[in-house]
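Residue numbers (my numbering), protein chains in the order written: chain A, 1 to 342; chain B, 1001 to 1342; chain C, 2001 to 2342; chain D, 3001 to 3342.
Think of the hints as simulated: they come from the structure by calculation, not from any bench. Ideal placement from N, C-alpha and C gives every residue a C-beta, glycine not left out. Don't take every hint at face value.
[What the hints assert, rightly or not] With a Cα cut of at most 20 Å, we get these calculated PhoX-like pairs of lysine-lysine: (1) D:3277 <-> D:3124; (2) C:2204 <-> C:2112; (3) B:1277 <-> D:3059; (4) B:1059 <-> D:3132; (5) A:124 <-> A:112; (6) A:59 <-> C:2124; (7) D:3059 <-> B:1278; (8) B:1131 <-> B:1220; (9) B:1112 <-> B:1131; (10) C:2264 <-> C:2112; (11) C:2059 <-> A:277; (12) D:3277 <-> B:1059; (13) B:1112 <-> B:1044; (14) C:2278 <-> A:59; (15) A:124 <-> A:163; (16) D:3339 <-> D:3132; (17) C:2059 <-> A:278; (18) A:59 <-> A:44.
[To be verified] So these bits of chain A aren't anywhere near chain C, every CB distance computed over 12 Å: (19) 32; (20) 51; (21) 113; (22) 184; (23) 193; (24) 236; (25) 339.
[Unchecked claim] Sample of chain B residues facing chain C (criterion: CB under 8 Å; computed from the structure): (26) 1052; (27) 1055; (28) 1186; (29) 1190; (30) 1238.
Residues per chain, in single letters:
4 protein chains.
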Amino acid sequence: MAKIKAGVLGATGAVGQRFIEGLSDHPWFELTSLAASSRSAGKKYCDAARWRLETEMPKDLGDMTVVNVDPSEVDADVVFSALPSDEAQRVEAEFAAAGFVVASNAAANRMKPDIPLMIPECNKEHLDAIKKQQENRGWDGYIVTNPNCTTIMFTLSLKPLMKFGIESVHIASMQAVSGAGYEGVPSMAILGNIIPYIGGEEEKVETEPQKILGTFDGEKIVSADFSVSASCHRVPVMDGHTEAIWVTMRDDPSPAEVREAFLKFDPGLGDLPTEPKKPLIVRDEPDRPQPRLDRNAGRGMAISVGRIRSGIRYICMGHNTVRGAAGASILNAELLHQKGLL
Amino acid sequence: MAKIKAGVLGATGAVGQRFIEGLSDHPWFELTSLAASSRSAGKKYCDAARWRLETEMPKDLGDMTVVNVDPSEVDADVVFSALPSDEAQRVEAEFAAAGFVVASNAAANRMKPDIPLMIPECNKEHLDAIKKQQENRGWDGYIVTNPNCTTIMFTLSLKPLMKFGIESVHIASMQAVSGAGYEGVPSMAILGNIIPYIGGEEEKVETEPQKILGTFDGEKIVSADFSVSASCHRVPVMDGHTEAIWVTMRDDPSPAEVREAFLKFDPGLGDLPTEPKKPLIVRDEPDRPQPRLDRNAGRGMAISVGRIRSGIRYICMGHNTVRGAAGASILNAELLHQKGLL
Amino acid sequence: MAKIKAGVLGATGAVGQRFIEGLSDHPWFELTSLAASSRSAGKKYCDAARWRLETEMPKDLGDMTVVNVDPSEVDADVVFSALPSDEAQRVEAEFAAAGFVVASNAAANRMKPDIPLMIPECNKEHLDAIKKQQENRGWDGYIVTNPNCTTIMFTLSLKPLMKFGIESVHIASMQAVSGAGYEGVPSMAILGNIIPYIGGEEEKVETEPQKILGTFDGEKIVSADFSVSASCHRVPVMDGHTEAIWVTMRDDPSPAEVREAFLKFDPGLGDLPTEPKKPLIVRDEPDRPQPRLDRNAGRGMAISVGRIRSGIRYICMGHNTVRGAAGASILNAELLHQKGLL
Amino acid sequence: MAKIKAGVLGATGAVGQRFIEGLSDHPWFELTSLAASSRSAGKKYCDAARWRLETEMPKDLGDMTVVNVDPSEVDADVVFSALPSDEAQRVEAEFAAAGFVVASNAAANRMKPDIPLMIPECNKEHLDAIKKQQENRGWDGYIVTNPNCTTIMFTLSLKPLMKFGIESVHIASMQAVSGAGYEGVPSMAILGNIIPYIGGEEEKVETEPQKILGTFDGEKIVSADFSVSASCHRVPVMDGHTEAIWVTMRDDPSPAEVREAFLKFDPGLGDLPTEPKKPLIVRDEPDRPQPRLDRNAGRGMAISVGRIRSGIRYICMGHNTVRGAAGASILNAELLHQKGLL
């Protein structure tokens, strides 16, 4: 079987590099196009990008010539977007109009009611909105998005709790510096320090989960009815977002019932290549999960939960640039392919 | 005026050193006795203790001979206790029985209904329990305690909010490693990592604030009626606990009203030497308070608050070994002296 | 082919865990015995050891019962010693006398003239000393040791420079905290700090390289004739020792000649399972090698060198608990098996 | 006595802020002019600068209006230059030509033979070059510079060793991130990592000490005759450069003789306000100096040395943005005033 041709928009940045890492040996996708700003276009990728990952840059990709972020220059069936939000707003629509499938990690289009905001384990039925999206917009292609990194971690953990009737959620996040991109957080700002603020983050975290856990009514995706109140903090951790979660539920389940729900959670996805064996890993040690020890569980795609206490309170942890960014988009594209949409 | 003679119990440890730092040039107290375990007793302090602070060890104190933690060996009017909780349980009563005033940072006696758990800015009227304590126990001396470091920070911020009718509090703490003592947190545990657990901490944080903000009914201290739900985390920060706080209040004040209450908060203490000019400092920048920049405000005795948002949510930060430990005990003793109890 | 039975002495500690990680799927060795102190003996390994690695504890090993560090309790052909130096001094001889092959990471026996101090890529001919060792000591088994972690990194880089006539070496090391064991470096000592001292380290670093690069004269191993002057420092890095090296050589080679010697270095080992494809990786970027990016090169077994400048100066970096400890012992045992000595 | 009017060029950056901190309560100088780029000019200082220091921004300075870096806009007798090197090259000459005394922390003019490169404790006689400089260049004002931060630390320690006949120096530096400015080192680059390269640093470190310790021959400053070989590394430390030093000397002094020379070193400066009581502090503990504990010695102006061993080897540590930057320039200006040159 011929592989599906894949491009990366914003290929030189931190998330772009994670896309390349995740796609370079992919069983279904083949990287055929690396697009970046005009400053990089025309150069070999290994000259345009300063590789920042602990794995080596895939050799053959280093020799590819970077193209402009322009539908006419990109040769691909699906493009993965690691663009900054303002650029994504304009560019992703151009690609969708030109017939591309756009799997986007950008925030720009996440909250539009006809654009799915996907976590495959949570809301695969939202893919039904794609047809509506194409009708509404007259596009040959379409856009699917994945949530903000902080949203993904705890929303995945909320999914199996929906049956208890979620009423409200409090979340305090302790977020890794890689979430801000390579130049995002100066070392003088964060060494031995906490920054109790991440621009725009709380707004995303307080609205995305309800859309993800909502329903598509045939016309639009309607958000679920619960509140989220977030306090987001940057901490001196390289990778891995840790979240302290409180969930108030109508049925007031016990910690044991919540643990049981986490353990039994089976998203029934089939067998997507990037999917972790279990999306939620329950740690019963008193002091887990921890980013250093748990972020790579399920090759960075599993969410670890622990310390389930009355309240209901628990800790939720996941790899922010894998499960929370590039891996999320790739899993979305795998689902699209499985469903015959790609 | 002759100075009041002061001893430190547990003088060689991390909090003991902070006591010495805080007392070495004190206008009212004079360090006359440094007590530690039998391993240290008999040695010169500079040989017994490995000084870990950024300030230099006060010279004259280095030459003092360490004595045993025994009322018969300690020459002092007031003793400051930096003992581990289990030892404090036994020893502090011995000192109180022997006529000493004990200003304790240990957890052992904090929740006893006839022993004041003091934050001078919050509950100076609880000192009335001292007489009852002496009656109950037949002691010539007495014990006053200060709260857990994490408790102190946000409880101080709750005091001016009591008028709005506090119903419940959620707190996620990001706590500095110095809170665990010098050997408490191995670097391999915390470098670039978060540990979402601190043994015994959440239990303290969830019960102490209500006692502090409660009332003395003539017989015992009765806790205030609100709930606290805590999630405590260790972070790679040297000094300074950062806390994300949510407070639900009957009167549902706006963020502006909460800010106003913080700004206007005046504990009316008079002029205690260790007291900060303002106990609560309101930071209006979007990304403050931060431990590195704000922990030394008011010589480590002020609490900084910021990011007051609807919810009500805010960030609270203070120096855990100064305001949260040694400085808290010293301020208590200053209040005792001001009230003629020492 | 039946696998060789392998035991680990000191199996619960930090290096012991790295041994288990390195041996759990080994093509030649099979873990048959996990030995530790009497505190752990009798317990299941998963109860005796607190697993600290980012990889999961191998499941079947977690169920093994820990035995005492006693030849009569250990069932193995080769034992890997992660014992503390004082205990190793006594115990390793007992095991060798009882017929075991001892592959030791401990310092106790490293400098004995009839005990090989091995880096397989440097001095495989020193294995000839084993027969002499057995004669001298009347042992059925024998001991081979691997060097101190800091020694291994730069000694490997010196090997291909020996032809230029090494006269003297200066080394300033920046060593990761994992080298001191899990409890070895308190976070309060090293967060945002440098400790310019590691007990006993400089002495090892200044004598071991000459033995490794020396010759076996039929009776004893005679150290090579050059001097090493070391300054060893602890830095807030989890894994990976970085070393600034100056080498004065008789032939005064140019940086290009040194680079060429590094690139061409082929130890001719054959194909040992733990051996990296290239023992020395030359990085030509201006700012490499770095511990975070390069420590896992060659699955942690390759040494990365870079910034080769006149002087001759260069930077040398390797994974201290893999290439510098457990991996070094395992590679030694693989060489023993290849040479028919195991 | 009226104070000397002082301006800061580049007042908003990291070193500029240290200048303001050091000058705001100065007994001899009065801050009369804050100059910065056109982006800041015209704004109030508190709006133009994001204050990054742990101390509070001096209130009255926050209200000053920032001016352009232009002699016609700056009202001052002496200007302190925290300009980037390329801008300094052009601008400092303009100020000197316009009659200002320029005390510069920039690298641009350091190595010019008629411009003193000053450490007051080392080479106050080089001030004689000022007259020559004015003659050569036809300036009414003049420029004095201070060395690179890494240079200052160990050069101060070399001064009392000059009598032993210094032949060569090896230095491996472990440099704090603040040396690169607030945005200089991304946290993703340095958290738990070492970067073994700092652009342009080794070149400065290898040439500046010889000029500082050289002599003014009436025409030009002639560098002393010894070699320096440097390896410079960035470490995850906020403030304080640690240096491992080897010094080869003709007279081959013992460690005790070197220690004695350090202890007896008395620069005979008189009593400059910013001068530390002792420029060199000898630490006899086995593991000192350390940046966290020792960087603030002498209010950040003293250099701490320790671990003096045969070789001669020792450790040298100082505060890079105080003694190594702003404090160095201020001390230079104090010396100028003392000598009647300002």
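Verification of the supplied hints:
Only pairs whose Cα atoms come within 20 Å are accepted, and residue 3277 of chain D paired with residue 3124 of chain D is accepted, the gap being roughly 18 Å. For the given pair, residue 2204 of chain C sits about 13 Å from residue 2112 of chain C by alpha-carbon distance, which is consistent with the 20 Å threshold. Only pairs whose Cα atoms come within 20 Å are accepted, and residue 1277 of chain B paired with residue 3059 of chain D is accepted, the gap being roughly 17 Å. Of the supplied pair hints, the one linking residue 1059 of chain B and residue 3132 of chain D is violated, its CA atoms being roughly 49 Å apart against a limit of 20 Å.
Our distance criterion of 20 Å between C-alpha atoms is met by residue 124 of chain A and residue 112 of chain A, whose separation comes to about 17 Å. This hinted pair does not check out: residue 59 of chain A and residue 2124 of chain C have alpha carbons roughly 34 Å apart, beyond 20 Å. At roughly 17 Å between alpha-carbon atoms, residue 3059 of chain D and residue 1278 of chain B fall within 20 Å of each other, so this suggested pair holds. About 11 Å separates the Cα atoms of residue 1131 of chain B and residue 1220 of chain B, which keeps this hinted pair within 20 Å; it holds.
Distance check on the hinted pair: residue 1112 of chain B and residue 1131 of chain B sit about 14 Å apart at the alpha-carbon level, within 20 Å; holds. Of the supplied pair hints, the one linking residue 2264 of chain C and residue 2112 of chain C is violated, its CA atoms being roughly 32 Å apart against a limit of 20 Å. Restraint check: the Cα-Cα separation between residue 2059 of chain C and residue 277 of chain A comes to about 17 Å, which is no more than 20 Å; the hinted pair holds. Distance restraint check for residue 3277 of chain D and residue 1059 of chain B: the Cα-Cα separation of roughly 17 Å lies within the 20 Å cut-off, and the hinted pair is therefore satisfied.
The straight-line distance between the Cα atoms of residue 1112 of chain B and residue 1044 of chain B is roughly 36 Å, outside the 20 Å bound, and the hint therefore fails. Restraint check: the Cα-Cα separation between residue 2278 of chain C and residue 59 of chain A comes to about 17 Å, which is no more than 20 Å; the hinted pair holds. About 17 Å separates the Cα atoms of residue 124 of chain A and residue 163 of chain A, which keeps this hinted pair within 20 Å; it holds. Simply put, residue 3339 of chain D and residue 3132 of chain D have alpha-carbon atoms about 16 Å apart, close enough for the 20 Å limit, and the pair holds.
Between residue 2059 of chain C and residue 278 of chain A the CA atoms are separated by roughly 17 Å; this keeps the pair inside 20 Å, and the hint holds. Restraint check: the Cα-Cα separation between residue 59 of chain A and residue 44 of chain A comes to about 12 Å, which is no more than 20 Å; the hinted pair holds. Distance to chain C confirms residue 32 of chain A as a non-interface residue, since its nearest Cβ pair spans about 28 Å, more than 12 Å. Its closest Cβ contact with chain C, about 9 Å, brings residue 51 of chain A to no more than 12 Å, contrary to its assignment away from the interface.
Interface exclusion of residue 113 of chain A from chain C stands, the closest Cβ pair being 41 Å apart, more than 12 Å. The beta carbon of residue 184 of chain A is kept farther than 12 Å from every beta carbon of chain C, the shortest such distance being approximately 17 Å. The claim that residue 193 of chain A is not at the interface with chain C is violated, since a C-beta of that chain comes within 12 Å of its own (minimum 9 Å). The claim that residue 236 of chain A lies off the interface is violated: its Cβ sits roughly 9 Å from the closest Cβ of chain C, which falls inside the 12 Å cut-off.
Taking the minimum C-beta to C-beta distance to chain C, about 32 Å, the non-interface status of residue 339 of chain A holds against the 12 Å cut. Evaluation of the residue 1052 of chain B hint against chain C yields a held restraint, the C-beta minimum of about 7 Å falling below 8 Å. Taking 8 Å as the C-beta cut-off, the interface hint given for residue 1055 of chain B is violated, the closest approach to chain C being about 15 Å. At about 5 Å, the closest approach between the beta carbon of residue 1186 of chain B and any beta carbon in chain C falls short of 8 Å, and the interface hint on this residue holds.
For residue 1190 of chain B, the shortest C-beta to C-beta distance to chain C is roughly 5 Å, which falls under 8 Å, so the interface hint holds. Interface restraint check for residue 1238 of chain B: the shortest CB-CB distance to chain C comes to about 5 Å, inside 8 Å, so the restraint holds.
When the structure is compared with the earlier hints, violations turn up for hints 4, 6, 10, 13, 20, 23, 24, 27 and for no others.
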